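Trainee: Protein chains in written order, with our numbering: chain A, 1 to 293; chain B, 1 to 293.
Careful, some of the hints might be misleading.
Which copy is meant is left open, so a pair is good if it fits within one copy or across any two.
[Said to hold, decoys possible] DMTMM-like mimics (lysine to aspartate or glutamate), calculated; alpha carbons at most 20 angstroms apart, straight line:
no. : residue 1 : residue 2
1   : K227      : E217
2   : K205      : E217
3   : K227      : E185
4   : K22       : E125
5   : K24       : E125
6   : K70       : D5
7   : K22       : D121
8   : K22       : D73
9   : K63       : D5
10  : K70       : E217
11  : K194      : D121
12  : K24       : D73
13  : K63       : D77
Because the hints were derived from the structure by calculation, they are not lab data. Because the structure is a prediction, the values reported are computed rather than measured.
Number of protein chains: 2
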Amino acid sequence: MGQADYPQICPGGGLIISWQLKRKRVLLVGGGPVAAGRLVNVKDADAIVTVICPSSGLCGEMKYRIHVEKSVDEYQDRVFGGKDDLMGGYDMVLTAIDDAALSREICQMARALRIPVNVADVPPECDFYFGSLIRRGPLQVMVSTGGKGPRIAAQTRRIIQRAIPENLGQAIENVGRLRAMLRSEAPQAAAGPKRMSWMIDVCEKWSFDELATLEEEEMRIILRGWKDGSVPSARQVRGIRRTLPDSKSIRKAIAGRCPVAGYISPWLAGFAGILLGSAITSTLFIVRSSKRA
Amino acid sequence: MGQADYPQICPGGGLIISWQLKRKRVLLVGGGPVAAGRLVNVKDADAIVTVICPSSGLCGEMKYRIHVEKSVDEYQDRVFGGKDDLMGGYDMVLTAIDDAALSREICQMARALRIPVNVADVPPECDFYFGSLIRRGPLQVMVSTGGKGPRIAAQTRRIIQRAIPENLGQAIENVGRLRAMLRSEAPQAAAGPKRMSWMIDVCEKWSFDELATLEEEEMRIILRGWKDGSVPSARQVRGIRRTLPDSKSIRKAIAGRCPVAGYISPWLAGFAGILLGSAITSTLFIVRSSKRA
Numbered sequence: 001m002g003q004a005d006y007p008q009i010c011p012g013g014g015l016i017i018s019w020q021l022k023r024k025r026v027l028l029v030g031g032g033p034v035a036a037g038r039l040v041n042v043k044d045a046d047a048i049v050t051v052i053c054p055s056s057g058l059c060g061e062m063k064y065r066i067h068v069e070k071s072v073d074e075y076q077d078r079v080f081g082g083k084d085d086l087m088g089g090y091d092m093v094l095t096a097i098d099d100a101a102l103s104r105e106i107c108q109m110a111r112a113l114r115i116p117v118n119v120a121d122v123p124p125e126c127d128f129y130f131g132s133l134i135r136r137g138p139l140q141v142m143v144s145t146g147g148k149g150p151r152i153a154a155q156t157r158r159i160i161q162r163a164i165p166e167n168l169g170q171a172i173e174n175v176g177r178l179r180a181m182l183r184s185e186a187p188q189a190a191a192g193p194k195r196m197s198w199m200i201d202v203c204e205k206w207s208f209d210e211l212a213t214l215e216e217e218e219m220r221i222i223l224r225g226w227k228d229g230s231v232p233s234a235r236q237v238r239g240i241r242r243t244l245p246d247s248k249s250i251r252k253a254i255a256g257r258c259p260v261a262g263y264i265s266p267w268l269a270g271f272a273g274i275l276l277g278s279a280i281t282s283t284l285f286i287v288r289s290s291k292r293a
Numbered sequence: 001m002g003q004a005d006y007p008q009i010c011p012g013g014g015l016i017i018s019w020q021l022k023r024k025r026v027l028l029v030g031g032g033p034v035a036a037g038r039l040v041n042v043k044d045a046d047a048i049v050t051v052i053c054p055s056s057g058l059c060g061e062m063k064y065r066i067h068v069e070k071s072v073d074e075y076q077d078r079v080f081g082g083k084d085d086l087m088g089g090y091d092m093v094l095t096a097i098d099d100a101a102l103s104r105e106i107c108q109m110a111r112a113l114r115i116p117v118n119v120a121d122v123p124p125e126c127d128f129y130f131g132s133l134i135r136r137g138p139l140q141v142m143v144s145t146g147g148k149g150p151r152i153a154a155q156t157r158r159i160i161q162r163a164i165p166e167n168l169g170q171a172i173e174n175v176g177r178l179r180a181m182l183r184s185e186a187p188q189a190a191a192g193p194k195r196m197s198w199m200i201d202v203c204e205k206w207s208f209d210e211l212a213t214l215e216e217e218e219m220r221i222i223l224r225g226w227k228d229g230s231v232p233s234a235r236q237v238r239g240i241r242r243t244l245p246d247s248k249s250i251r252k253a254i255a256g257r258c259p260v261a262g263y264i265s266p267w268l269a270g271f272a273g274i275l276l277g278s279a280i281t282s283t284l285f286i287v288r289s290s291k292r293a
């Protein structure tokens with residue numbers, strides 16, 4: 001019962017969660033750039049979206065999403081008409097309009113109906129906030145600085161974005177595919193723990209670069225090890241081609257800050273320097289002595 | 001209306017949001033390690049928490065949180081008793097118990113009452129999922145890999161965790177304090193845009209290291225620049241002490257993967273190599289020629 005090892009509670013944050021919107025209905029009131037951002041957020045989460053906004057209020061992106069991409073499931077070309085508009089069986093309401101009083105009103109109505117609601121620009125009224133999101137395929141990273149300042153939030157986001165290897169999303173995707181293949185090969189619930197420990201072995205034996213470039217044929221070769229609990233390495237599956245591990249991501253991390261440094265090892269540079277210095281000096285001495293001779 | 005510049009919708013994710021729980025009531029059913037983790041999550045977000053779990057089912061951490069730290073607002077030493085237990089005006093229900101059937105039942109009851117609910121281990125039933133969280137003071141980073149595999153999720157989390165400079169949380173905290181001081185100095189709503197652009201200047205002129213070590217006295221000195229719209233630099237405020245910018249964080253990022261490389265610049269190494277090579281060769285030539293002489 002000692003406190004030593006327990007994480008410290010650190011108040012003042014929000015509860016960061018991944019809200020499930022698959023086949024859920026979302027009402028989005030507004031058609032400007034903020035609304036367009038929200039639309040992408042909820043479509044990324046597979047929601048069924050209704051947009052209410054007069055066509056005169058649609059920004060370029062919203063027009064594109066509605067009329068060209070057709071990613072809005074239902075578009076109502078009109079202004080928000082009051083409480084009845086919230087009665088369509090919605091699971092979430094988002095507003096992004098300039099009218100703060102109307103926003104507040106919609107918020108209260110949604111709350112009375114117990115529908116989760118976010119109102120752009122009126123934070124104290126919201127059930128939840130949006131943060132800064134980084135997306136790479138199945139990988140979602142959300143950065144929240146608790147509203148301490150927009151610039152430092154953007155800087156923080158950039159640091160984290162730069163740190164994520166380019167191919168990590170693909171690696172995660174492929175691990176998911178391999179896992180699904182394993183599940184259909186060994187679907188028994190009892191095999192759960194063994195499946196999990198085998199998948200862990202795969203993730204430890206294969207680097208991100210290697211996982212990111214996995215092809216289906218190679219997945220099948222790896223799966224052959226499942227029965228005797230072994231995991232063939234990338235070297236075994238691929239021969240000795242493609243063995244460089246994660247050096248690319250190290251370089252990238254450095255190159256983000258200092259474009260050249262990432263590509264040159266200091267050891268190599270030092271050694272090359274010794275050779276170069278030695279060559280120059282030898283040449284000078286040899287030239288001098290041949291002149292004397 | 002071209003599609004060129006608009007971000008691509010990338011389905012299959014969740015909607016990652018920061019749910020606001022300040023002064024909201026949360027019911028947590030369960031007392032094991034998973035429940036203890038949930039407790040920390042919701043207390044981090046300032047919730048008022050009721051735990052229902054027989055004392056025989058409490059893990060060490062939960063006992064510590066309830067009896068020593070006293071961070072549980074209400075503890076009920078009993079098993080969950082049915083629908084009536086959800087009627088206490090809760091804003092969120094979390095369960096972390098071993099009984100999957102009971103979990104499902106609680107979930108359905110909560111849903112009927114339109115209370116957001118998460119049920120550990122029964123993902124399809126949940127309104128929302130928890131992801132892997134990184135917390136540094138006001139900075140919260142959530143990493144979600146969409147359930148593609150626990151190990152690659154942990155690896156991803158580690159990469160991101162390593163990339164976040166140690167002092168970033170403190171830097172964000174200090175920016176928040178400076179911003180609050182500025183607000184009380186210039187509280188007019190009309191000054192909003194000017195305040196924002198001045199704060200942006202501060203964040204651009206001061207490195208994270210410098211911001212993280214800001215003291216209140218220094219904040220007051222910086223604030224003197226507000227009226228004429230100037231931002232004194234760290235050098236101006238502190239003299240020429242402490243001028244090294246962000247090099248520490250670059251080194252850290254590299255050192256995490258390659259402990260030595262981060263500390264040596266390849267340019268420096270190359271240059272040192274030239275000098276060394278040249279020195280060695282000169283010595284050899286001079287020794288040889290002096291022997292001849």
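Trainee: Next step is simple, just say for each hint if it's right about the structure.
Mentor: Consistency of the hints with the structure:
With identical chains, the CA atoms of K227 and E217 are at most 20 angstroms apart within one copy only, with a shortest distance of 18 angstroms there and 66 angstroms across copies. For the homomeric pair K205 and E217, the shortest alpha-carbon distance inside one copy (18 angstroms) is at most 20 angstroms, but the shortest distance between copies (52 angstroms) is not. In this assembly of identical chains, the alpha carbons of K227 and E185 lie at most 20 angstroms apart only when taken from the same copy (10 angstroms versus 70 angstroms across copies). In the homo-oligomer, the alpha carbons of K22 and E125 lie at most 20 angstroms apart only across protomers (12 angstroms), although the nearest pairing inside one protomer, at 25 angstroms, exceeds that limit.
With identical chains, the CA atoms of K24 and E125 are at most 20 angstroms apart between copies only, with a shortest distance of 13 angstroms across copies and 22 angstroms within one. Only between protomers do K70 and D5 lie at most 20 angstroms apart by alpha-carbon distance; the minimum there is 17 angstroms, versus 52 angstroms within a single protomer. Taking CA atoms no more than 20 angstroms apart as the test, K22 paired with D121 passes between copies only; the shortest distance there is 19 angstroms, against 26 angstroms inside one copy. Taking the closest pair of Cα atoms, K22 and D73 come within 20 angstroms of each other only inside a single copy of the chain (13 angstroms); across copies the shortest separation is 34 angstroms, beyond that limit.
Taking the closest pair of Cα atoms, K63 and D5 come within 20 angstroms of each other only across two copies (14 angstroms); inside a single copy the shortest separation is 53 angstroms, beyond that limit. For a Cα distance limit of 20 angstroms, the shortest separation of K70 from E217 qualifies neither inside one copy, at 36 angstroms, nor across copies, at 55 angstroms. Within a single copy, K194 and D121 get their C-alpha atoms only as close as 49 angstroms, which misses the 20 angstroms cut-off; across copies the closest is 18 angstroms, which meets it. Taking identical chains as interchangeable, the C-alpha atoms of K24 and D73 lie at most 20 angstroms apart only when both belong to the same chain, with a minimum of 12 angstroms there against 33 angstroms between chains.
Proximity of K63 and D77 under a CA criterion of 20 angstroms is satisfied intra-copy only: 11 angstroms inside one chain copy versus 56 angstroms between copies.
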